[in-house]
Amino acid sequence: MTNTTAQAPAGLKTSEQKALAALADHSGATAAEIAAHAGIGGSTAGKALTALESHNLAYRERGEKEGGRKTADRWYHRPVEATPEHISDEPEAAEASTEPAPEAPAEAAEPEAATEAPAQPGTPAAKAAPAQRLARGSLRQMVYEYLEAHPADEIGPSGLAKILGRSAGAVANALATLTDHGQAELTGESPRRYRLAGQA
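In this note's numbering, the protein residues as written are -2 to 197.
Hints are computed from structural coordinates only; laboratory data are not their basis.
Glycine included, each C-beta is placed from N, C-alpha and C at the ideal position.
Treat the hints with caution; some may be incorrect.
[What the hints assert, rightly or not] Using 25 Å as the maximum straight-line C-alpha spacing, the simulated DSS-like pairs for lysine-lysine come out as follows:
1. K67 to K44
2. K62 to K44
3. K10 to K44
[Said to hold, decoys possible] Label-pair distances were calculated between CB atoms; the ranges are:
4. G134 to L183: 36 to 42 Å
5. A69 to S155: 17 to 23 Å
6. A173 to K62: 18 to 24 Å
7. T68 to K10: 23 to 29 Å
8. G36 to K62: 15 to 21 Å
9. Y73 to T11: 19 to 25 Å
10. E145 to R189: 17 to 23 Å
11. T68 to R133: 50 to 56 Å
12. R133 to A69: 49 to 55 Å
Using the sequences and the hints given, assemble the complete structure.
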């Protein structure tokens, strides 16, 4: 029998030393089996094995789903002399890679103009994919193309935003910029209304 507790790093709890000794003699056992061999509780064994894994003294082989149920993880002893605890934590990193990758966070809240979705010129089809990013100036181009396609219309930021599937604030900024460039004109102040420039 290997005297693993003598090789263990200082500072291990008694339960962790017991789990390590049991694991050395029963490598490939489940946490429940280790608990029985070590004479400690099931939850205590689980915590002890996780601690040993963090010290690079043990590693697990994760269970697989069988018939809608997941089999128990299998734990294996990692001899101290083979992989000193101070070398690196690469084995842990490799083990962690078997976990499902965390879901990417939802699109972060950013200024609407910076996260607009590309749209076909002159159509409200942008409403179909609002979460995609637009290149700089693309929203302004969409607004201009709508005005160009409807030269007789006088429309406000809120109404146009609903048509394009964008925020009213971003559309209002685009309309203001087009007005400054002489491509659109303000036809009403309260509420604000715009149309294509040169239609008077």
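Hints and how they fare:
With a CA separation close to 19 Å, the supplied pair K67 and K44 stays within the 25 Å bound. About 23 Å separates the Cα atoms of K62 and K44, which keeps this hinted pair within 25 Å; it holds. Of the supplied pair hints, the one linking K10 and K44 holds, its CA atoms being roughly 11 Å apart against a limit of 25 Å. With their beta carbons about 20 Å apart, G134 and L183 fall outside the hinted range of 36 to 42 Å.
Distance hint check for A69 and S155: the Cβ-Cβ separation is about 58 Å, which falls outside the suggested range of 17 to 23 Å. For A173 and K62, the hinted distance range of 18 to 24 Å is not satisfied, since their beta carbons lie about 56 Å from each other. Checked against the hint of 23 to 29 Å, the C-beta distance between T68 and K10 comes to roughly 28 Å, which is consistent with it. For the hinted restraint 15 to 21 Å between G36 and K62, the CB-CB distance of approximately 31 Å leaves it violated.
Under the hint 19 to 25 Å, the C-beta atoms of Y73 and T11, about 22 Å apart, fit the expected range. In this structure, E145 and R189 meet the distance hint of 17 to 23 Å, their C-beta atoms being roughly 19 Å apart. In this structure the hint that T68 and R133 lie 50 to 56 Å apart at CB holds, the actual value being about 52 Å. Separated by about 54 Å at the C-beta atoms, R133 and A69 satisfy the suggested range of 49 to 55 Å.
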